[in-house]
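*Asks:* Build the full structure now, drawing on both the sequences and the hints.
There are 2 protein chains.
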Amino acid sequence: MSQVFFEVVAQCPQTRARAGLLHTAHGTIGTPVFMPVGTQATVKGLSERDLAGELGVEILLANTYHLFIRPGHELIRRMGGLHRFMSWPNAILTDSGGFQVFSLSGLRKITDQGVEFRSHLDGDLHVFTPQSTVDVQLALGSDILMALDECPPYPVSHAYAREAMERTVRWACEADRHHRRQMEEVLGRHALFPVVQGSVFPDLRRRCAAALVDLGSDGYAIGGLAVGEPRVLSLEMVEAAEEILPRDRPRYAMGVGMPEELAEYVSRGVDMMDCVLPSRNARNGYLFTSAGRLIIKHARYKEDGRPPDERCRCYTCTRYSRAYLRHLFLSGEILYAVLATRHNVRRYLDIMQEIRQAIMSGLFPEYLRSVRAACVDAE
Amino acid sequence: MSQVFFEVVAQCPQTRARAGLLHTAHGTIGTPVFMPVGTQATVKGLSERDLAGELGVEILLANTYHLFIRPGHELIRRMGGLHRFMSWPNAILTDSGGFQVFSLSGLRKITDQGVEFRSHLDGDLHVFTPQSTVDVQLALGSDILMALDECPPYPVSHAYAREAMERTVRWACEADRHHRRQMEEVLGRHALFPVVQGSVFPDLRRRCAAALVDLGSDGYAIGGLAVGEPRVLSLEMVEAAEEILPRDRPRYAMGVGMPEELAEYVSRGVDMMDCVLPSRNARNGYLFTSAGRLIIKHARYKEDGRPPDERCRCYTCTRYSRAYLRHLFLSGEILYAVLATRHNVRRYLDIMQEIRQAIMSGLFPEYLRSVRAACVDAE
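Chains as they are written, first to last, in UniProt numbering: chain R, 1 to 379; chain V, 1 to 379.
No distinction is drawn between identical chains; accordingly, a pair holds when it is met within one copy or between any pair of copies.
Only pairs whose alpha carbons sit at most 20 angstroms apart, straight line, appear in this in silico DMTMM-like list of lysine to aspartate or glutamate:
#1 K44 <-> E333
#2 K109 <-> D122
#3 K297 <-> E74
#4 K302 <-> E74
#5 K297 <-> D122
#6 K302 <-> D122
Simulated from the structure, these hints should not be mistaken for laboratory data.
*Replies:* Right under this line is the structure:
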């Protein structure tokens, strides 16, 4: 029995874009979907009411590495799982923790059995294996788990990329086997997605995808994107994997992207995306608007009584001015981060809503052209 | 014509406590009232919706010194005043800026004309006079302004306290004269309260109050409290001033107090209070609850699934556990400050609500006894 069920409800006649419904144990999610990132069991600055209530977020991402380190997955299990711990009613997707091991922690050792690493907080030694990261994610009670993968840095040789890709496939098989065994005993539905790797080499991406398809998973992730490679290559890697991956399963492009890139990924058959950009950039003073990026500290906004985005209907934009947000930002006020994050996440969700509507009404090719034209204008 | 109008609606038969209604240009406020502090045009972490909507805050305090320094009162005036700038629909009380000049800024020089000081942000030299701080507060569009006063440190000699008190009275007369002249031209209603000073000397407090009563002001503040003196003296100073101040005008005890002290001040005839404690302590990990203070980082809350306060109905308490808040606090998450502040402010407002209800129903003496008994139990 599938742990999550994906239903394609509309397809674009010209591109690979589709609109779907992803049914999970914690609700049904309209796709394509953007998932806000709740690293440490919180989307920074936003409450459940902001996210589920006002913004209508149906699924968010939490980081296994961070939660494993603090407060610990066993504590979260004892507290009734991550949904209950963070008071989140809708779906949760967790990564495997592998990416943070590679990007955050010092001193790590990769073997065929897994990866040994030191906590970035206290230096304690830990090991993640394909099996253990499934167990950690099951302790969290995630709706969608990721298999442990190795994400090589960019650039990397074809030889190393191939080695990492092959290890990723072996780990995915082990994680899958372990997950299927656990599923016989664990309550609830928890899908495991393997991750396509292969750096910027289309042949490796294709081989990886083909090997993973054999697992018959409920969905597939495409990882190793947005790690420094040119954007044209990221999109090419998605294309290489996508033509192999089954059309009836959701595809999740990990860690992307900029607002103007979202439609590009969708046009290549991507159904799910996540990115820290809306929240992190908000805190750093960058607001995404329907008229482009707004850098709030600029002197030109000093007495600007307009909302950040005149076409946005979020709480921040209906209530506060650029001048006020600039004052809060320059004063280091918490409320700035709260209001800016709320707006930026809303902007991403609005874009996804536009994309989904365009696909549903058969107008996605026109929508994509308009996004591309706006990008050219902005250059 | 009075700029704010105060109406006593119930009096305690045994104490000096009373319940009232304070009518301002931005709404009517039930008293006794606690005013959350919005130093830099924001109560840290809380939006207008949190404050006016969920918490029902009818009046908040903003700091003239901070807003004068950044973003500047002229900017706020051009943006339509502080209410509009910070999107706040209800009443605003501003202090004169004097207290921050004495507590925050370096290098200051007090003369009979006013006080010269350097900005704590950039070292720029500024002068506050009784007239100029009225003008700054009128530029902000405050509903209730404070006259410039000199708040001496504690302890201080009787001789210096007397000198500072006499200067405070002279400044209050000048501020009052200037304010009355301005009121002939400025739109809206903006009351000016003079401030009773006199350190911990009852004779000075009485003399100061008597001199200020001659101004026939719309209300009176009692300043120089909670600057390090023993609490028993703070309360005695309120008593000394209160017996002189007119019963038909609101009395505002500045910068107090701890939760268990609120009823003590009210029992001595105080109608308005403000304090940074609920918000500042929240951020520092101290939660005020109906069962006493809770230090969220304590290990005992690690797996405590209960809300911070089991009898509280605030959003934080209805939705989140001690274990989760502890995790957020230890992780340095913004959401911790947001949720904790929301709870602590609610706790203060709930206490004021209890106090007001007790006065209205004639049960304030019993209420006060129960608060005192709880304090003894806690010791």
